[in-house]
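Start from chain A and add chain B according to the hints.
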Amino acid sequence: MPRLPLGSWVDTGVEFLQRHLSWLFDAISTVVTGLYDGIDAVLSAPAPLLLAGILAVAAWWLRGLLAALLAMAGFALVDSIGLWDEAMSTLSLVLVATLITLVISVPLGIWASRSDRVSAVLRPVLDFMQTMPAMVYLIPGIIFFGVGVVPGIIATIIFSLPPGVRMTELGIRQVDGELVEAADAFGTTPRDTLVRVQLPLALPTIMAGVNQVIMLGLSMVVIAGMVGGGGLGGAVYKAIGNVDIGLGFEAGISIVILAMYLDRMTGALGRQVSPLGRRALAKVRAGASGVAKVWNHRPQPAYAIAGAVVLALVAGGLSTFGPGSGSGETKAGGVADIGKGRKISLGYIPWDEGVASTFLWKELLERRGFEVDARQLELGALFTGLAGGQIDFQTDSWLPVTHAQYWEKYGNKLDDLGSWYGSTSIELSVPSYMKDVKSLADLKGKGSQFKGRIIGIEPSAGAMGLLKDKVLPAYGLDGEYKVVDGSTPGMLAELKRAYDKHEPVAVVLWSPHWAYASYDLHKLQDPKGSWGKGDGIHTLARKGFAKDEPEVAKWLRSFKLSEAQLTGLEAKIQESGKGKEQQAVRAWLAEHPEVAKMA
Amino acid sequence: MSTLQAEHVYKVFGRHPDEAAAAVRTLQGGADREELRAEGTTAAVIDASFSVEPGQIFVVMGLSGSGKSTLLRMLNGLLEPTAGRILFDGQDLTALSPRELRHVRSTKISMVFQHFALFPHRDVLDNAAYGLEVQGVPRAERERRATEALELCGLGGWEKSWPDELSGGMQQRVGLARALATDADLLLMDESFSALDPLIRRDMQDQLLELQRRLKKTIVFITHDLNEAMRLGDGIAVMRDGRIVQQGTAEDILTRPADDYVASFIQDVDRSRVLTADAVMEDSDPAAEACDCPTVSADTPLADLCAVSARVPHAVAVTAEDGSVIGSVPQDRLIAFIGDEQRPPMYCAEVAA
Numbered sequence: 001m002p003r004l005p006l007g008s009w010v011d012t013g014v015e016f017l018q019r020h021l022s023w024l025f026d027a028i029s030t031v032v033t034g035l036y037d038g039i040d041a042v043l044s045a046p047a048p049l050l051l052a053g054i055l056a057v058a059a060w061w062l063r064g065l066l067a068a069l070l071a072m073a074g075f076a077l078v079d080s081i082g083l084w085d086e087a088m089s090t091l092s093l094v095l096v097a098t099l100i101t102l103v104i105s106v107p108l109g110i111w112a113s114r115s116d117r118v119s120a121v122l123r124p125v126l127d128f129m130q131t132m133p134a135m136v137y138l139i140p141g142i143i144f145f146g147v148g149v150v151p152g153i154i155a156t157i158i159f160s161l162p163p164g165v166r167m168t169e170l171g172i173r174q175v176d177g178e179l180v181e182a183a184d185a186f187g188t189t190p191r192d193t194l195v196r197v198q199l200p201l202a203l204p205t206i207m208a209g210v211n212q213v214i215m216l217g218l219s220m221v222v223i224a225g226m227v228g229g230g231g232l233g234g235a236v237y238k239a240i241g242n243v244d245i246g247l248g249f250e251a252g253i254s255i256v257i258l259a260m261y262l263d264r265m266t267g268a269l270g271r272q273v274s275p276l277g278r279r280a281l282a283k284v285r286a287g288a289s290g291v292a293k294v295w296n297h298r299p300q301p302a303y304a305i306a307g308a309v310v311l312a313l314v315a316g317g318l319s320t321f322g323p324g325s326g327s328g329e330t331k332a333g334g335v336a337d338i339g340k341g342r343k344i345s346l347g348y349i350p351w352d353e354g355v356a357s358t359f360l361w362k363e364l365l366e367r368r369g370f371e372v373d374a375r376q377l378e379l380g381a382l383f384t385g386l387a388g389g390q391i392d393f394q395t396d397s398w399l400p401v402t403h404a405q406y407w408e409k410y411g412n413k414l415d416d417l418g419s420w421y422g423s424t425s426i427e428l429s430v431p432s433y434m435k436d437v438k439s440l441a442d443l444k445g446k447g448s449q450f451k452g453r454i455i456g457i458e459p460s461a462g463a464m465g466l467l468k469d470k471v472l473p474a475y476g477l478d479g480e481y482k483v484v485d486g487s488t489p490g491m492l493a494e495l496k497r498a499y500d501k502h503e504p505v506a507v508v509l510w511s512p513h514w515a516y517a518s519y520d521l522h523k524l525q526d527p528k529g530s531w532g533k534g535d536g537i538h539t540l541a542r543k544g545f546a547k548d549e550p551e552v553a554k555w556l557r558s559f560k561l562s563e564a565q566l567t568g569l570e571a572k573i574q575e576s577g578k579g580k581e582q583q584a585v586r587a588w589l590a591e592h593p594e595v596a597k598m599a
Numbered sequence: 001m002s003t004l005q006a007e008h009v010y011k012v013f014g015r016h017p018d019e020a021a022a023a024v025r026t027l028q029g030g031a032d033r034e035e036l037r038a039e040g041t042t043a044a045v046i047d048a049s050f051s052v053e054p055g056q057i058f059v060v061m062g063l064s065g066s067g068k069s070t071l072l073r074m075l076n077g078l079l080e081p082t083a084g085r086i087l088f089d090g091q092d093l094t095a096l097s098p099r100e101l102r103h104v105r106s107t108k109i110s111m112v113f114q115h116f117a118l119f120p121h122r123d124v125l126d127n128a129a130y131g132l133e134v135q136g137v138p139r140a141e142r143e144r145r146a147t148e149a150l151e152l153c154g155l156g157g158w159e160k161s162w163p164d165e166l167s168g169g170m171q172q173r174v175g176l177a178r179a180l181a182t183d184a185d186l187l188l189m190d191e192s193f194s195a196l197d198p199l200i201r202r203d204m205q206d207q208l209l210e211l212q213r214r215l216k217k218t219i220v221f222i223t224h225d226l227n228e229a230m231r232l233g234d235g236i237a238v239m240r241d242g243r244i245v246q247q248g249t250a251e252d253i254l255t256r257p258a259d260d261y262v263a264s265f266i267q268d269v270d271r272s273r274v275l276t277a278d279a280v281m282e283d284s285d286p287a288a289e290a291c292d293c294p295t296v297s298a299d300t301p302l303a304d305l306c307a308v309s310a311r312v313p314h315a316v317a318v319t320a321e322d323g324s325v326i327g328s329v330p331q332d333r334l335i336a337f338i339g340d341e342q343r344p345p346m347y348c349a350e351v352a353a
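Chain order of the listed sequences is A and B.
Quick note, the first sequence lines up with residues 1 to 599 if you use this note's numbering.
Quick note, the second sequence lines up with residues 1 to 353 if you use this note's numbering.
Only chain B is shown next, with the shape it has when bound in the complex:
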């Protein structure tokens, strides 16, 4: 298993390569996007660095125009970074020839698209087998593997159907099967669920998590939906105007937003489902330890914690897997965190001030 790393990656769109290179130097000198735009160049990604561990889902989140799609396309070389390096599986992708790069894309990295990008002139099976066809796998074997991938995605029996006969969710399953069939280690997903309606989207998210438990791929997932990011991401990077403004776990971002932008972003998040007991607990309350009241585990979402807290007369104890108490959550603190507050309760006079 291999690590994906981006090191100080820049992407500047300009008319001439020299212009772009000059723009990178200006950016390194501290200039921002607006200054460049006046000169006719567009900085899509500015100084992006991150690292994704094997088996992780890394979510890049941002609004449209934030550069997240550009960043994703540099990870498999569809776009060449203006500066910086992309390391995957020990290889610097930016140093590869077009032919080597194509080989990497056909065998190690696959991609799932926002609007599915299924080939309308191929049936479901041939779509799922496309990557294998590019690799030159013989027909019988590629059809066997494509069928397996389709079954994995819950599409057994649909092999001979055509893409336009399927619903959006099913089409995206074909897209996912196409990406999985090649056995690539790295899966790039570009707003893959954004075009689906909310219920289907949730289904697909569940299925992706389920698949991930079994397959342990490395996944980079692009989304503009913070709830989706929180649900899926082991690690999250928030992008704004081409820069990564914050990286961390879902809780890091919810509880310690790096700036007002991120803070405004997380306003709409259902915090009671994202935050877990261990993120809000404080040092153990001896009173909570002594009694036989119900306790919760560290990964219990606040929504469930509320139910327990309502039945317990004191702070709820948080226990580790071995049953030992690692902390406790008093009710006022619980309410404070659901209500987007990171400080302990204050006195009336302090609040008024």
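Chain A with its partners taken away, still in its complex shape:
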């Protein structure tokens, strides 16, 4: 069989689209971002508990008192574990995706229900959209729309569109043919037949579709977190990157609370908006008595809306007059306001030195009057975003070795602002209880001890390519050992498991890394130098950033940290816990005024 270059055709196609339709993608991006920012602004404006109250009133109206109490408790929990902002941005993401999905899917479904041909054409397309792994949409999504919420929303839309279309079509086709004929027989226009007969009767099915759209959207938010979608997905992704079980659980339970709320509410809304559902509800309520009556009581929509409006007004009032609108909050150190509120966007991968240096710069730049946005991204997404200009700079690029393949691909669209830390190293490490394995050469012949495995990290990592292509062949290990592709958290988990049981294990690691402090490990010597020279940790900026912000570029170029400084900062961040990176940075800067002044 000849190799069909399907992938490269798609590549070419995507490139073509990127070149010729960028105006379209920009327009879509603007609209989606605008919608998202708008909804997010509305949801984030009121104090968390007030909004929770509003959502609980909605639950009371739709499902009764118990649902309201549970909703209130759930949202209070989200607030108390400090994930409220993330939850609201996830909610905004889901709402925007759902809104756009419905705007597209309902008309498509109606069209498909009226034409067998359209239906036949749509069916395989929908199958394709639904079964293609959703991650695949993210790659072109980043290229077309850049990192951030947009590719996440677009991927969510593509992923959740099919049930919207299918359920709409099904709902309309299920409407009794005699009813449609009756409408026709009384001279109803096709449009009115749709509006007066088909849609009202199809509504329960369509609402079931809406419910599915929302649920699929929620299931996509974690994936959206990988490309900078932020929100709870970002928190989950961060937790995975840091093997932080606690944060992972907290973010996970928040997603569950959101999902349950949205699921139950859309289900109830389906009954509430369809005339038949309303009648069934009224019947149940009329039959209730005593305690059940209170339990089943629903406020009239007018009261519910009035209640929500009152709460919203209180909320608005609090956020206008209350504290918290912190203008001129942190201009510590008496440095000049150079940024004047200009925005700078940072991206980082969840590696310790990346987190530390990024939040250090976030703090330093904010002190100088910049508005800084720092997003955690997947490595590939980070480089794509930087090359595309959505990210201004990032501080955690290992060059010339580890990230060489990214530099090759995107180097011409990036500026290297120099190395601030050096030198690093990548190595294979084994627990020091493996007494007879001191160098890479010692691995030879011990394959059976290690079960022939070397525990690797993400296949996209530079270290992995280097290991497979250069290091193993150099020591004649490539037949004996297989490098297991996986993830950094997976590698660390496997290391911990084997370490605790005193089993032989060989892992891909790099220095600096906290694992060396936690476990007694031995870096395997590399007498042949096949890993190459150590990297410097470089700051990379998008092309043109140095021209736009010469002052910042100058600071970045002169930025240096010693090993003591970096590990000290990392330790401070580790102590403070997740979500408090910036406080840790502030505390650390107070002890290191030389760094605070440096830039």
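Be careful, since some hints might not be right.
Calculated from the model, a selection of chain A residues having no Cβ within reach of chain B, i.e. all distances over 10 Å [stated by the list, open to error]:
1) P2
2) T30
3) L50
4) F186
5) R279
6) I305
7) V310
8) D352
9) G369
10) E371
11) V401
12) K438
13) A553
14) A564
Quick partial rundown of chain B residues pointing at chain A, CB under 10 Å, derived from the structure [said to hold, decoys possible]:
15) F113
16) F116
17) L188
Just so you know, the hints here were simulated from the structure itself, not pulled from any lab data.
Backbone N, C-alpha and C define an ideal beta-carbon position, used for all residues, glycine too.
Below, chain B alone, put in the same frame as chain A:
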């Protein structure tokens, strides 16, 4: 008041319009349904012509698959005839644009369905007012007229109920009220009583006849039940395999079935209730005229005639409204007609042969 006329109407279902048109030519050339089916087209209605006078109930009767429902749907343009014309109120419905056709359907022709086809998301009043809503009649007026229609159908006081709270018979009354509320002249009824149980069905038939006496609509009624056809129809058309095989009054069909198919159809009919004195009477018997024995009127059903005949020693005289004798029915002839025989009694030798 206006006449409904169908002129050489064909309906052929095929994949392409050309195919259907070609099929009509084949049919006009004398081919039958089976030959067409081999070519992939289905002839539902073949060369149907009839005319319904204002105020008449015209019943189209046939078994399922005979094309009667298709024929009915061409009368209000829900289906477009492949060939032929439908004339109503001087208009050729087949020549109208979709918009004009919708206007005709909303104002002049209404329809009652087999399974009622009430809108489950509207209450009884809104269902009855549906046609008026389509016409754009203001709410107050359409509710007034719908209420009237409901009262006419014996459903006063049920306006705020929902269709699924009503029995089948009541649901169909709502269907009837919906059709009457628009004041359409032509009422198409598609097996409207078939889904009801027999007692209710009889009630509904009586009510339809009662309403018809007052309202004098033109009604085309589809049924597969010959008794119903005989009870309701001023004129009856029997359909088989897409063709109308016989048209006439109930008596025409009972006494002179056009072919074996119609004859087998009418076997189960309660002839003593359908046939009337004037259908079976022969020339007046002078003996019957002279005496004071009871007489019967021309529209007396045979069942009642039997009772009279049993008390009279000779043929029963049939009288016109003015009391003059127009004919007589001897007992043997009476028995012969109830027993599905159209000939006078024969001699033993003839019967044996």
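Results for each hint:
no.	hint	result
1	P2	41 Å, holds
2	T30	40 Å, holds
3	L50	37 Å, holds
4	F186	4 Å, violated
5	R279	7 Å, violated
6	I305	24 Å, holds
7	V310	33 Å, holds
8	D352	61 Å, holds
9	G369	60 Å, holds
10	E371	53 Å, holds
11	V401	68 Å, holds
12	K438	80 Å, holds
13	A553	66 Å, holds
14	A564	75 Å, holds
15	F113	6 Å, holds
16	F116	8 Å, holds
17	L188	8 Å, holds
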